[in-house]
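Participant: Chain by chain, the residues:
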Amino acid sequence: MEQKTTIDKSFKTEPYQINMGPQHPATHGVLRLVLTIDGEIIEKVEPDLGYIHRSIEKMCERDSYQQIVHLTDRMDYLSSNINNEAVCLAVENALELEIPDRVKVIRTIIGELTRIASHCLWWGVMGMDVGALTTYFYGFRDREMINDIFEETCGARLTMNYNVPGGLMFDIHPNFVKRVKEFITHFKTKIPEYNRLLTGNVIFQKRMKGVGILTKEDAISFGASGPVARGSGYSCDVRKYHPYSALDKVTFKEALKTEGDSLARYEVRIQELWESLSIVEQLIDNIPEGEYRVATKAVIKLPKGEFYQKVETARGEFGVYIISTGTKSPYRLKFRSPGFSNLSLLNHIAVGGKIGDLVATMATLDLVIPDIDR
Amino acid sequence: MNISLNITKSIHEWLFSIMPEGVANIVEMALIGLLYLAIFAILGLFLVLLERRVAAWFQLRIGPNRVGFQGVLQTMADALKLLSKELTGTVKADKFLYNLAPYFVIISSLMALAVIPFTKEFQAFDINIGIFFLIGVSSIGVIGILLGGWASNNKFALIGAMRSGVQTISYEMSIGLSLLTMILITGSLQLSEIVEVQKSGWLIVQGHIPAIIAFMIYMIAGTAETNRAPFDLVEAESELGAGFHTEYSGMKFAYFFLAEFINMFLIAAIATTIFFGGWLSPFGITESIPWLGVFWFLGKALILIFLMMWFRWTFPRLRIDQLLTLEWKYLLPINLVNIVIMALIVWLNLTIKI
Amino acid sequence: MTNEALQDLIGSWFPNPEADKISKVEIVDISENDENPEENPITPEPVNSSLLEFTQEESQFLNISAPPEHLHALMSQLKSNDLTRFDYLFCLSGIDWGEELGVVYHLESTTHRHSIVVKVKTKGRETPNLDSVYDIWATAEFHEREVFDFFGIKFNNHPNLKRLFLTEDWDGYPLRKDYVDEINMVIK
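Chains as they are written, first to last, in my numbering: chain A, 1 to 374; chain B, 1 to 354; chain C, 1 to 188.
It is worth saying that the hints were derived from the structure and are not from the lab.
As the structure is a prediction and not an experimental result, all values here were calculated from the model.
None of the hints are false.
Some residues of chain A that are not near chain C, with every Cβ distance over 12 Å (derived):
1) D38
2) V125
3) N147
4) G155
5) L158
6) T159
7) N175
8) N195
9) T199
10) I213
11) V294
12) A298
13) I300
14) K301
Straight-line Cα separation of at most 30 Å, DSSO-like style, residue types lysine-lysine; simulated pairs:
15) K121(C) - K304(A)
16) K162(C) - K79(C)
17) K329(B) - K209(A)
The calculated label-pair distances, taken between Cβ atoms and stated as ranges, are:
18) Y16(A) - D171(C): 30 to 36 Å
19) E99(C) - W274(A): 48 to 54 Å
20) R196(A) - W328(B): 29 to 35 Å
21) S278(A) - Q56(C): 33 to 39 Å
22) E151(A) - L292(B): 53 to 59 Å
No residue lacks a Cβ here, since even glycine has one placed at the ideal position from N, Cα and C.
Please model the complete structure; the sequences and the hints are all you need to start from.
Facilitator: Here it is as structure tokens:
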């Protein structure tokens with residue numbers, strides 16, 4: 001379909017614009033894409049953002065650090081716990097607090113479970129975007145188990161706020177270890193099922209292979225991170241390069257693919273499911289005894305200076321950049337959200353494809369809109 | 001024992017005995033029309049319910065189970081809700097075409113329903129060019145979809161309509177050719193004749209290899225013809241919102257929706273008639289009770305419908321260029337070769353007859 | 001590369017003419033016949049030898065403060081030089097410093113795995129103006145639009161500089177410290 005056919009020039013065609021979103025099933029939220037289309041072929045994708053912008057960065061400038069933690073899980077709500085962790089780590093590093101090992105291990109376990117839950121949801125929605133509706137329910141079935149564990153642990157399923165500067169809000173529930181182990185055995189049989197249902201499907205492979213190709217150079221230039229960048233062969237796992245919490249104690253492989261197409265990004269995430277599962281498995285039996293929290297002052301004042309903390313959320317590198325002047329709120333707080341950078345490359349990789357390709361590509365970017373509209 | 005036959009015959013005779021011939025004819029036609037409308041509605045509602053239950057089964061859910069016993073009245077309630085809904089539309093829509101479009105779709109499937117032989121004698125219109133008629137009538141439906149997409153003045157709907165046009169025109173070819181392959185064995189286009197031929201073995205057995213190929217092509221093309229997944233590009237909800245019926249609401253939307261399910265039934269019914277012996281029971285086990293033919297017919301059709309639902313709930317959707325590649329580069333050439341093979345088999349008398 | 005080595009290397013790209021002058025005076029004081037002071041770009045301390053200021057206090061990264069007119073040259077050098085090769089711009093933040101506005105670039109090298117922070121301040125806050133770096137890192141196009149949206153910093157040569165999150169007719173730049181919106185903002 002790529003080569004131009006010679007049609008009588010008097011029969012003119014012209015591109016037209018359509019709005020994909022803000023209410024559109026494939027944008028998973030209120031993202032609006034202004035598409036310039038020539039028939040079915042996409043000529044330009046222009047994202048129009050801000051439909052759910054809450055100006056969290058401005059709100060942070062008047063909030064205390066404990067309050068800021070609660071704002072972060074409203075950004076990338078699927079990696080809420082990892083976002084919380086990022087702010088807590090930034091504050092703790094700034095205060096030079098010594099965090100007990102127990103907290104570190106629990107944080108890592110919960111973080112990896114969050115990643116699995118997020119990827120489960122992504123997998124379900126990914127299938128839905130390419131037209132296989134059943135995947136959605138399979139993904140949610142397994143995500144539900146994780147959410148139940150979270151609910152039992154901290155009373156919330158999605159926006160957990162389990163991390164506080166200094167540790168955790170509560171200790172883990174007595175059932176926690178048992179239920180996580182149950183989940184591990186359950187989920188080990190389910191990832192092959194995912195592959196049987198969707199990955200191996202001929203239509204799915206054809207839809208994903210060679211679609212939305214992102215080269216390694218472009219991935220780096222566009223600031224891509226997470227599975228998007230790793231699908232293009234750019235090794236960027238923050239957990240490997242800047243390990244935080246208990247991630248330096250575990251061994252895991254960084255999922256890496258070099259093809260750079262949608263299928264590579266898909267396979268990276270499936271691989272990450274296995275890796276996260278193995279991290280949880282390594283830690284779940286060795287949760288050290290100890291305090292679940294170290295006392296902090298009621299009003300946390302960071303020393304004057306600049307603090308940057310990066311973590312790996314399910315979507316990529318999430319950064320918290322705090323400029324403190326020594327008061328109870330930051331002077332400026334910037335969140336580097338993975339989705340924002342990943343969205344910036346959408347136009348680059350979607351042009352020339354069909355509408356169906358755009359949807360499939362967007363699904364593999366795994367955008368969460370509140371993460372982009374901070 | 002010929003219950004159905006007796007009933008229709010006695011009604012026929014009774015009507016002709018109480019009124020003049022012309023009036024009786026008209027009344028009889030009206031009665032049959034009403035009967036088929038009822039079949040249409042019940043079948044549509046039942047298939048929607050079935051689809052939802054099957055989907056639920058595939059998706060680890062329960063499905064509708066509150067309205068009536070095990071949710072059997074759920075679709076009825078939905079239909080009532082759709083009836084009571086406001087009919088909205090876009091301001092700049094071409095009102096006439098916009099309102100006309102659902103009727104094209106629904107009438108074409110109703111007309112096709114008329115020639116389907118549910119059992120011997122239970123067929124409204126046993127025309128001698130049955131297959132030809134079916135192919136002709138079923139392509140009217142796409143005009144409705146094109147009109148609906150064009151007239152709603154919505155770009156998503158227009159893309160859906162254009163996709164539909166491309167898709168239906170392409171896949172009609174495969175349907176026609178695969179049916180033609182089987183016609184070579186039967187030597188007749190009349191549906192009742194075709195079933196009669198199968199008394200010496202279902203056509204899928206009689207025609208063996210080319211028949212199986214033809215059946216597979218027919219099912220693929222038939223799924224595409226009904227715009228169902230994995231060929232549901234016309235309404236690809238993750239790409240186009242709802243496709244050609246984005247701007248339709250209430251009962252007009254329901255017409256499209258029902259027509260889709262009736263078309264699915266039609267595809268399955270034609271396959272049953274052509275490949276699986278229609279109302280004939282396997283090995284003639286219930287040949288002495290002709291009215292049981294309805295159940296055999298519906299049972300076979302339902303199995304094929306289940307197959308199509310299976311496709312829908314497990315396969316991802318194709319892309320538009322892959323869809324056309326599949327048809328023009330694979331199905332069509334295979335089909336043409338298949339016809340030649342079938343012709344050779346019929347000519348050399350290599351068919352399997354019991 | 002260690003931060004010190006980076007500091008020496010990057011500092012040498014933008015020698016300070018002032019520092020030269022001062023050091024020349026110093027050199028002249030010591031040896032009167034030195035004809036070519038340019039031959040010796042690494043000028044001795046204590047005067048800042050470079051147009052760039054380096055700090056490492058109060059931050060885990062090496063911070064470079066660059067004058068806005070040299071920003072683009074510095075950035076393209078940072079990316080293209082084989083020893084630095086900062087090809088990954090992972091964070092671009094706008095900051096309101098009160099007197100002036102600023103932009104902070106967090107850079108990382110994917111080959112050497114070292115990080116650096118480049119800070120630049122605009123001249124005043126009435127017509128803040130900086131050079132765009134979108135041609136160096138493609139992701140900057142989006143990030144700069146965000147900064148323009150919230151801080152009103154205009155980026156020269158930016159291909160598509162318009163509001164990203166807010167509507168075109170929005171008044172003011174919300175993340176500036178002096179932004180007032182009495183209806184929507186809750187001030188504690």
